[in-house]
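Number of protein chains: 2
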Amino acid sequence: MTKKVQKNKPIGVFDSGLGGLTVVFNLQKSFPEKEIIYFGDTARLPYGNKSPETIQNYARQNTRFLLSFQPEMVVVACHTASALALGKLKTEFSLPIVGVLAPAVKAALAKTRNGRIGIIGTSATVKSNSYPAEIKKANPKIKVYGLACPLFVPLVEEGLFSGPLTNMVVAHYLKSLKEKKIDTLILGCTHYPMLKAVIAGFMGPKVTLVDPSEEVMPEIAAQLKERGQKAGAVSKGGLRIYLSDITPNFRKVATSFLKKELPRLGKANVENL
Amino acid sequence: MTKKVQKNKPIGVFDSGLGGLTVVFNLQKSFPEKEIIYFGDTARLPYGNKSPETIQNYARQNTRFLLSFQPEMVVVACHTASALALGKLKTEFSLPIVGVLAPAVKAALAKTRNGRIGIIGTSATVKSNSYPAEIKKANPKIKVYGLACPLFVPLVEEGLFSGPLTNMVVAHYLKSLKEKKIDTLILGCTHYPMLKAVIAGFMGPKVTLVDPSEEVMPEIAAQLKERGQKAGAVSKGGLRIYLSDITPNFRKVATSFLKKELPRLGKANVENL
Chain F
1422 MTKKVQKNKP
1432 IGVFDSGLGG
1442 LTVVFNLQKS
1452 FPEKEIIYFG
1462 DTARLPYGNK
1472 SPETIQNYAR
1482 QNTRFLLSFQ
1492 PEMVVVACHT
1502 ASALALGKLK
1512 TEFSLPIVGV
1522 LAPAVKAALA
1532 KTRNGRIGII
1542 GTSATVKSNS
1552 YPAEIKKANP
1562 KIKVYGLACP
1572 LFVPLVEEGL
1582 FSGPLTNMVV
1592 AHYLKSLKEK
1602 KIDTLILGCT
1612 HYPMLKAVIA
1622 GFMGPKVTLV
1632 DPSEEVMPEI
1642 AAQLKERGQK
1652 AGAVSKGGLR
1662 IYLSDITPNF
1672 RKVATSFLKK
1682 ELPRLGKANV
1692 ENL
Chain D
1422 MTKKVQKNKP
1432 IGVFDSGLGG
1442 LTVVFNLQKS
1452 FPEKEIIYFG
1462 DTARLPYGNK
1472 SPETIQNYAR
1482 QNTRFLLSFQ
1492 PEMVVVACHT
1502 ASALALGKLK
1512 TEFSLPIVGV
1522 LAPAVKAALA
1532 KTRNGRIGII
1542 GTSATVKSNS
1552 YPAEIKKANP
1562 KIKVYGLACP
1572 LFVPLVEEGL
1582 FSGPLTNMVV
1592 AHYLKSLKEK
1602 KIDTLILGCT
1612 HYPMLKAVIA
1622 GFMGPKVTLV
1632 DPSEEVMPEI
1642 AAQLKERGQK
1652 AGAVSKGGLR
1662 IYLSDITPNF
1672 RKVATSFLKK
1682 ELPRLGKANV
1692 ENL
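Just so you know, the sequences run in chain order F and D. By the count of this note's numbering, the first sequence reaches residue 1694 at its end, each step adding exactly one. By the count of this note's numbering, the second sequence reaches residue 1694 at its end, each step adding exactly one.
It should be emphasised that the hints constitute simulated quantities derived from the structure, not laboratory data. Don't take each hint at face value.
Just so you know, same-sequence chains aren't split out, so a pair can sit in one copy or run between any two.
[What the hints assert, rightly or not] Heads up, simulated PhoX-like pairs for lysine-lysine below, C-alpha to C-alpha not over 25 Å straight-line:
id	residue 1	residue 2
1	Lys1673	Lys1548
2	Lys1527	Lys1511
3	Lys1617	Lys1430
4	Lys1548	Lys1688
This is chain F alone, in the form it adopts within the complex:
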């Protein structure tokens, strides 16, 4: 059987900063033939402590920017934007838009045994109550415990993935969650998987961690399949990264998320889109 070469429209991905490159890393593993356009809103990050209106406005502008590349679909890698803006984006734009929230919830529901799920994220994500609402819609009996961990992002951006200080910060936040006897914990922010080892060590072997940057892959695959495309083609897709600000330490941080050298990189002004 010969493989049909299909029109290779890119996948657009945006995040408030560079953390969404973990999604890109997984996309490249699962769909090596797809071209990916990544937009990181480094000039306006972090989204996590901004108001819902501002986050929705930024998400809209970021999507408009990605639309200029005529993508097949847009992946909202940012949890804060997924929690607060995905519904609006879906009504305003006609192409498929996938967020990280629903797939993470699906995975957590499949994994929990005792019906006690924790969700950690930015202040805005936790305050939005989007994760508990989505979980309770599927199963109202599940107990959900949300917790904001505002020091985790700067910790990761500092490259402090482990060590005594990281242990102490993780313990500072997660102590209260451990007491709730959860058995499943959603890492509800793109940066948090970088602290996975320390978080797993603190929570203990009975708690399963859910990494949404991995769980979102089946939904992307389903969307591509629905549109007549399949994973695993031979040709290699490229990756283009655009940032709203070329920040001094983006290379260090981006490389830690992408786990390889950076591709070409552009500056994009999206404020007036």
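Given the coordinates of chain F, assemble chain D onto it according to the supplied hints.
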């Protein structure tokens, strides 16, 4: 002698966020008759890890916004903007613009005995090399040690002004600076004075801390005097606060900086100025 009532043009103050309210607190103590217009760029904070061009662009837009109130002068309360944009602002605008850098340097030079000065601030402030350059211009023999402490701002925004975690974060950063045997330390970021007690405790009694939000007051007084105004009038000036985003925890953080209840508050869009 009777006091002349003078046309009370306001003083404009801007910062990347709410930290500049420490300057407002000191302004209100020193110049209770002056009306103050404060702009906090909460939609685009933090400035500390952004590029010089972006910081200059933001500083320009913030100044333009304040100009709409026809202020007597503009105070750049943000250290990052003072370090990276003050020179540009001074050439582009005709009114007096005062930054926090020069007064802090003057104070540090007056206070050091052993000629070894430390400066802590955001990554952008430290990388700009503005503090060492200003110090060495005045006295090339002084040894200056700059250090970025990126976790201090989120720590303060979390309200963690003291406690074991704060002690550990402060020790994590300042250990290397303590070994340099500095006797004067400039708190080169609006948030850092909130950690003064812990920093002083760690550095020990031989190290004098310089708080630029206090040191800037004489320069403001000099500017006002030059323009025929003096401090200490009887009438009470108001305070108006504008933010580019009404963030969920601004009230908590702002109150801790201003040390009193918040006045009226407006939302301002400065992106297209």
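We went through each hint and held it up to the structure:
1. For the homomeric pair Lys1673 and Lys1548, the shortest alpha-carbon distance between copies (16 Å) is at most 25 Å, but the shortest distance inside one copy (31 Å) is not.
2. Taking the closest pair of Cα atoms, Lys1527 and Lys1511 come within 25 Å of each other only inside a single copy of the chain (19 Å); across copies the shortest separation is 56 Å, beyond that limit.
3. Within a single copy, Lys1617 and Lys1430 get their C-alpha atoms no closer than 33 Å, and across copies no closer than 54 Å, so neither meets the 25 Å cut-off.
4. With identical chains, the CA atoms of Lys1548 and Lys1688 are at most 25 Å apart between copies only, with a shortest distance of 21 Å across copies and 32 Å within one.
When held up to the earlier numbered hints, the structure conflicts with hint 3 and nothing else.
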